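Novice: Using the working numbering, the first residue of the sequence shown is number -4, and each one after it goes up by one.
Quick caveat, the hints were computed from the structure, so don't treat them as lab data.
None of the values given here were measured: they were computed from a predicted structure.
Treat the hints loosely; a few may be bogus.
As a list, the in silico SDA-like pairs of lysine to any residue whose alpha-carbon atoms are at most 20 Å apart [to be verified]:
| hint | residue 1 | residue 2 |
| --- | --- | --- |
| 1 | K368 | S125 |
| 2 | K299 | A63 |
| 3 | K57 | H341 |
| 4 | K196 | S218 |
| 5 | K57 | D89 |
| 6 | K27 | V317 |
| 7 | K368 | Q254 |
| 8 | K299 | V288 |
| 9 | K57 | D87 |
| 10 | K368 | S129 |
| 11 | K112 | D155 |
| 12 | K27 | K299 |
| 13 | K112 | G358 |
| 14 | K209 | T199 |
| 15 | K368 | H332 |
| 16 | K57 | Q342 |
| 17 | K299 | D89 |
| 18 | K196 | H219 |
| 19 | K368 | F324 |
| 20 | K196 | T208 |
| 21 | K57 | G339 |
| 22 | K57 | H90 |
| 23 | K368 | S135 |
| 24 | K112 | R363 |
| 25 | K299 | E289 |
FRET-style restraints, in silico, Cβ to Cβ [what the hints assert, rightly or not]:
| hint | residue 1 | residue 2 | range |
| --- | --- | --- | --- |
| 26 | D118 | L249 | 15 to 25 Å |
| 27 | R346 | G294 | 21 to 31 Å |
| 28 | D122 | H12 | 28 to 38 Å |
| 29 | D253 | D290 | 42 to 52 Å |
| 30 | S129 | L15 | 45 to 55 Å |
| 31 | R92 | E289 | 20 to 30 Å |
| 32 | D118 | G295 | 47 to 57 Å |
Ideal Cβ placement from N, Cα and C applies to all residues, glycine included.
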Amino acid sequence: MSETEDQLPPFPMPRTHPLLPPPEYQGLREGKCPIRVQYPWGEQPWLLTRYEDVRSALASPKLSSDNANPSLPRVHPMPPGPSTVSFTHMDDPDHGRLRRTVTSEFTFRRIEAMREKIQGVADQLVDEMSAVGSPVDLISSFALPFPSLVMCDILGVPPDDQEFFQARSHTVAGKASEEEVMQAFAELSQYLDELVTAKEKQPTDDLISRVATKYVRNEGRISHFELVEMVRILLIAGHETTASMIGLSVVTLLQHPDQLQDMLTDPALLRSAVDELLRMHSITISGVVRAAVEDLDVGGHTIKADDGVAFSLLAANYDERVFAEPEKFDIRRDARHHLAYGHGVHQCIGRTLANVELEIALGTLFRRLPELKIAVPFEEIAFRPDTRFIYGIETLPVTW
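Please model the complete structure; the sequences and the hints are all you need to start from.
Specialist: Below, the structure written as structure tokens:
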């Protein structure tokens, strides 16, 4: 390794405040961009931080998401396991073939029709919190089980198995050891294989059954194994990410009581508050990567074919060219064009569900528990390190 390589900036970069991005990102956006960075486990991709660079590159067919491409930067120090067919790490036509089988399950109309059921889940969890009494850990009592219960209902996971799902998906995205993560993956895969098999034989009214009946059994468009892998990624991505956003959002809103009160007084502000919270936190810190399959010009710099590329959605969402005073939390800002869900053909398929879940979670918590507050000093909040795939809070003691 050359001296220049040895001195590459680390990625993710260290924060100086847990609710704000690393200050170095501003300098990167204003200076030479992109630059080479180094993951803790040695990968050295180009890093994109400017909003327009990130947005245009994510939509470029010159960049690949294919997990089989040796130039694709690893987003975790572990080697890939035996199951590597997730549609999130595929290119077209396979990516589109798989994604289209579940697109109709996450349309605006279908998710809006679920609002009452999702609200019922939130109310049930607040009822349970109230029955226990404060203080409680908001993460384990509400933030984690809320999206888990919703996603399990969508997928068709039996109620008795939902705790198993929640625990395994949290292990995969949390601070567990490599061995624990691999064990959780294996246990999830085995369970999902059996669940999908059962629903292929006796379908019920849920996502797994509908996809298994139409696309596996009747049309043969996807395989049993591909469906198992899709369900696993939907479970993990649709659970841990929303849980992390709930914790960070509660902390942020409690630090801005005037805006919190405005949000509760004017329900129309709840939607824009969610967009602003997503912009500010952009919790997928280091996991958005591509491999160049052709030379690509980014910001006047040529990224060569076979180079690895990493994207900081967080840095892009603080680009002053797009968001004025980006470090200022403002629920009246029009932040609908944030990049927290990515962009292009791989944009988060569950973004409509996540938005509705966040609206319901935050509205329910603060309306039903108007005296909600954090039970420890801010300095003692257990923020997750950025070296994990998803940023968030491990535990959040609250009272009301």
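Novice: For every hint, state whether the structure bears it out.
Specialist: A quick look at each hint next to the structure:
1. K368 x S125: holds (14 Å)
2. K299 x A63: With a Cα-Cα distance of about 18 Å, the restraint between K299 and A63 holds, given a limit of 20 Å.
3. K57 x H341: holds (14 Å)
4. K196 x S218: Since the Cα atoms of K196 and S218 sit roughly 15 Å apart, the hinted pair holds (cutoff 20 Å).
5. K57 x D89: holds (16 Å)
6. K27 x V317: Cα-Cα ~19 Å, so holds.
7. K368 x Q254: Since the Cα atoms of K368 and Q254 sit roughly 15 Å apart, the hinted pair holds (cutoff 20 Å).
8. K299 x V288: holds (8 Å)
9. K57 x D87: holds (12 Å)
10. K368 x S129: With a Cα-Cα distance of about 10 Å, the restraint between K368 and S129 holds, given a limit of 20 Å.
11. K112 x D155: holds (18 Å)
12. K27 x K299: Distance ~17 Å between K27 and K299 Cα, so the pair holds.
13. K112 x G358: Holds - the C-alpha atoms of G358 and K112 are around 15 Å apart, at most 20 Å.
14. K209 x T199: holds (13 Å)
15. K368 x H332: violated (31 Å)
16. K57 x Q342: Holds - the C-alpha atoms of Q342 and K57 are around 17 Å apart, at most 20 Å.
17. K299 x D89: violated (25 Å)
18. K196 x H219: holds (12 Å)
19. K368 x F324: Satisfied, since the Cα-Cα distance of roughly 19 Å is no more than 20 Å.
20. K196 x T208: holds (9 Å)
21. K57 x G339: Satisfied, since the Cα-Cα distance of roughly 12 Å is no more than 20 Å.
22. K57 x H90: Holds. K57 to H90 sits at ~15 Å (cutoff 20 Å).
23. K368 x S135: holds (16 Å)
24. K112 x R363: holds (17 Å)
25. K299 x E289: Holds: K299 and E289 sit about 7 Å apart, inside 20 Å.
26. D118 x L249: 15 to 25 Å: Since the Cβ atoms of D118 and L249 sit about 21 Å apart, the hinted range of 15 to 25 Å holds.
27. R346 x G294: 21 to 31 Å: Since the Cβ atoms of R346 and G294 sit about 27 Å apart, the hinted range of 21 to 31 Å holds.
28. D122 x H12: 28 to 38 Å: holds (35 Å)
29. D253 x D290: 42 to 52 Å: holds (50 Å)
30. S129 x L15: 45 to 55 Å: violated (28 Å)
31. R92 x E289: 20 to 30 Å: Roughly 23 Å apart at Cβ, these two residues keep to the hinted range, so it holds.
32. D118 x G295: 47 to 57 Å: At roughly 53 Å between Cβ atoms, G295 and D118 fall inside 47 to 57 Å, so the hint holds.
Of the numbered hints given earlier, the model fails hints 15, 17 and 30; all others are met.
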